[in-house]
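J.: Keeping their order, the protein sequence lines are chains A and B.
When you line the first sequence up against the working numbering, it's residues 10 to 435, in that order.
When you line the second sequence up against the working numbering, it's residues 10 to 435, in that order.
Hints listed in this document are in silico derivations from the structure and should not be mistaken for laboratory results.
Please note that the accuracy of each hint is not assured.
Claimed, not checked - Here are the simulated DSS-like cross-link-like pairs (lysine-lysine), alpha carbons at most 30 Å apart as the crow flies: (1) Lys12(A) with Lys159(B); (2) Lys159(A) with Lys68(B); (3) Lys180(B) with Lys249(A); (4) Lys29(B) with Lys348(A); (5) Lys159(B) with Lys11(A); (6) Lys43(B) with Lys43(A); (7) Lys348(B) with Lys43(A); (8) Lys180(B) with Lys249(B); (9) Lys126(A) with Lys11(B); (10) Lys11(A) with Lys180(B); (11) Lys407(A) with Lys231(A); (12) Lys12(A) with Lys43(B); (13) Lys29(A) with Lys348(B); (14) Lys159(A) with Lys12(B); (15) Lys12(B) with Lys130(A); (16) Lys249(B) with Lys249(A); (17) Lys11(B) with Lys231(A); (18) Lys405(A) with Lys348(A); (19) Lys29(A) with Lys159(B); (20) Lys348(A) with Lys372(B); (21) Lys159(A) with Lys43(B); (22) Lys249(B) with Lys372(B); (23) Lys11(A) with Lys130(B); (24) Lys159(A) with Lys11(B); (25) Lys405(A) with Lys419(A); (26) Lys29(B) with Lys159(A); (27) Lys126(A) with Lys12(B); (28) Lys130(A) with Lys43(B).
There are 2 protein chains.
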Amino acid sequence: MKKVGVAILGLGVVGGGTYKILTEHREEYQNTHKIDIVVENVLEIRKERALALGIEESKISANIAEICSNPEVDIVIEVMGGVEPAKTFVLAALNAGKSVVTSNKELYCKYSHELEKAAIKNHCGLFYEASCVGGVPVIRALLDNLQGNKILSMTGIVNGTTNYILTKMSKEGASYEDVLKEAQKLGYAEADPTSDVEGFDSTYKLSILSSLAFHTKIPYTKIYREGITGITVEDIEFGKQMGYVIKLLAIGKNGDNGIEVRVHPAFIPAEHPLASVNDSFNAVYLTGDSVDDVMLYGRGAGALPTGSAIVGDVIYCATHTNYRYSTFVNTKDAAKDTKFIENFESAYYIRLEASNRTGVLAKITSIFSKCGINVAQMVQEDVNSENVPVIFVTHKTKEHSVNKAVAEIKAIPEIAKVASVIRVVN
Amino acid sequence: MKKVGVAILGLGVVGGGTYKILTEHREEYQNTHKIDIVVENVLEIRKERALALGIEESKISANIAEICSNPEVDIVIEVMGGVEPAKTFVLAALNAGKSVVTSNKELYCKYSHELEKAAIKNHCGLFYEASCVGGVPVIRALLDNLQGNKILSMTGIVNGTTNYILTKMSKEGASYEDVLKEAQKLGYAEADPTSDVEGFDSTYKLSILSSLAFHTKIPYTKIYREGITGITVEDIEFGKQMGYVIKLLAIGKNGDNGIEVRVHPAFIPAEHPLASVNDSFNAVYLTGDSVDDVMLYGRGAGALPTGSAIVGDVIYCATHTNYRYSTFVNTKDAAKDTKFIENFESAYYIRLEASNRTGVLAKITSIFSKCGINVAQMVQEDVNSENVPVIFVTHKTKEHSVNKAVAEIKAIPEIAKVASVIRVVN
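Let's have the full structure, built from the sequences with the hints guiding it.
T.: Structure representation (structure tokens):
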């Protein structure tokens, strides 16, 4: 039986889950895959955390050099998160001839080519299925299943925290602030939730997935980004009345005129397959020129689902000795001439508060008309207050046209405010 | 640039789609995968079909020996369907040192071990992603993504024809016979629809998928099978009123007491993710002990979606020279001691027609009670006719208990008939 030694860098939620899966299934992997996976080392300064998991003291290290020089370690699992020291450690492992399995989207998104070069130079494997959408098998689907297609578009719900928050707000009518606080209490959101709620985490994942899908490196800095902090219960409620559900979407399109990549909240029709992806579930909806529509759905985060992706990569790495790079090998560095579309097309939901709707409607619609925007739907709430909500849903139009129209509408004296502008994706 | 020669056996719907994808994307594969895939041969007796696709006459063959002896052919794509002559041809190709990519579920389900042995002996690849659920990447997900899990259960809608028929019946209230005729006219159903509508096709796919998931060969003959020919518009309508949607499900479970495999129509709650898998879309819903729930969704059939899976395998085969068996290598022959559960548990929908419901209800409920069956819901239609429909939905109970109860109910004089017994899967 082939023995495979692994080291785990970081015993946080995912590291602990991975350790649990590997140790509890050890005998099964011996039977089904003829390999004996042994956790040889863990890198963790909180020694008590390692001991609590039942790890022998002799295996606990606070020193990457020790792990790199341990001949019993074949595969290093990096589940620390963040760029440093993870990057230094991963490079050290690769340079020491260890294969690497990582769940680190930020690291992989920002430094994939550097890591890949080190892997190739040292004849090591480099795997990162766990970096995107937890247990959902989307990276290998792009690499090994859908590679015969031109992928035309992908629309994903790729962040568990924000999907949990938006689901709760939609179902319970609770405010963003209240749900965030609750999510933090339950451990679903970080103490500093910026990376999730402002959409950074989603841009890292979209960068990785769209690079694979479109065969050219998509830097995360090229991705339009807008978070969910401005979403209100009012808009969710108005959207619901019009048959929409709100989601934070990661969208990539590869069209004849260029590549379009964006992360922002959007209304989608209640009957869209992504509309019923709730709580911490995630999904990626792909369209290929041959395969048509494919959706991959599952837990986007969590100790065991993400651990499942990591262990899948470990077994793959251990059993595929001569093809160890499941990487960006087919992805060229973003060519200077890759065209990114910034003035993208979308339908829009625009909510205004108007002090005098009779006079003001003509002014608004003439601005829309001047900007070439067609209105698909208008709702006026008949409320007895000074400011009346007026909602427009436009047909597909250009981002820049909407920006221009909104700026002009804001300048109308009878407009108390433009309360919200939310894209509508059909 | 590495040149990869392929031969296509059979230019039916899928063969034609595969040819189209390969030729239209040839330059893309050169750019992205550094391989030049060339269709060197096609095996097709309908020469005009090949010529219509634009294939040079010199490449058309009616003779497998010619293809096997062509040194330019590296990979043979078998898309003929059926056991013979496909089996003879695939074995000939493997024995000639060609790798094989097949979409043939019946062949693979029935002869996987024999084919695999020939592949291993001849150091050839053997790939069959296209055999199950068209363009949905479920086989590689089981082999290369979820292999760290114990797969506890899978529930699939794996046949496009029956899903199309049931969707049409549900949406339009049309009868099974009428929808079948229309489906045949449109080419969605075969002239002899038996394999689809009686569930055979689904058992082949469930055999392949559950063997991979449970790491033991599940012969299709061990799968309980029931088709959709008995499903009526009445039952679909009653089900709808109770919040259910009807689907032909392929179910596999791997529990402590044994393995349970079955194909039958079932009511599922309208809010279940599988309930919105409509028309010719298919999906597989998997639960693993680590990954939790995963759903893979897409087109279950069709020239291009199935062609996408085939071309995915061709590229994989061409670029993974040292790991060419994506096969049952981890699946032992069904051990004699594999325990299959036949008396499985399910909830049931039972529709009766009773001539006199006042007297008869007590008799029915006492039979249920005697058989240990708890009733969850009862609906009596208040109609002005001699026979009144009465519907029971049971709590989870054993298959054998229901069979016994139904036999006894049939013997009650006031029961005109037991119109239908349909399982309910929650």
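J.: Is the hinted pair Lys43(B) and Lys43(A) satisfied, with a Cα-Cα distance of at most 30 Å?
T.: violated (33 Å)
J.: Checking one constraint from the list: CA of Lys348(B) to CA of Lys43(A), max 30 Å. Satisfied?
T.: holds (23 Å)
J.: Hey, Lys29(A) versus Lys348(B), does the alpha-carbon distance stay inside 30 Å?
T.: At roughly 28 Å apart (the allowed maximum being 30 Å), Lys348(B) and Lys29(A) satisfy the hint.
J.: Against the 30 Å threshold, does the CA-CA distance of Lys126(A) and Lys11(B) hold or violate the hint?
T.: holds (22 Å)
J.: Does the alpha-carbon distance linking Lys11(A) and Lys130(B) stay inside the 30 Å limit?
T.: Given that 30 Å is the threshold and the Cα spacing comes to 22 Å, the pair holds.
J.: Is the hinted pair Lys159(A) and Lys11(B) satisfied, with a Cα-Cα distance of at most 30 Å?
T.: holds (21 Å)
J.: Holds or violated: are the alpha carbons of Lys180(B) and Lys249(A) at most 30 Å from each other?
T.: holds (24 Å)
J.: Starting from Lys12(A), check that the Cα of Lys159(B) is at most 30 Å away, please.
T.: Judged against 30 Å, a Cα distance of about 21 Å means the pair holds.
J.: Against the 30 Å threshold, does the CA-CA distance of Lys405(A) and Lys419(A) hold or violate the hint?
T.: Within the cut-off at roughly 21 Å; holds.
J.: Can the restraint linking Lys11(B) and Lys231(A) be considered satisfied, given a maximum Cα separation of 30 Å?
T.: Violated - the C-alpha atoms of Lys231(A) and Lys11(B) are around 34 Å apart, more than 30 Å.
J.: CA of Lys180(B) to CA of Lys249(B), is that 30 Å or under?
T.: Distance of about 11 Å is within 30 Å: holds.
J.: Quick one, are Lys29(A) and Lys159(B) close enough, alpha carbons at most 30 Å?
T.: holds (14 Å)
Of the numbered hints stated above, those contradicted by the structure are hints 6, 10, 12, 17, 20, listed in ascending order.
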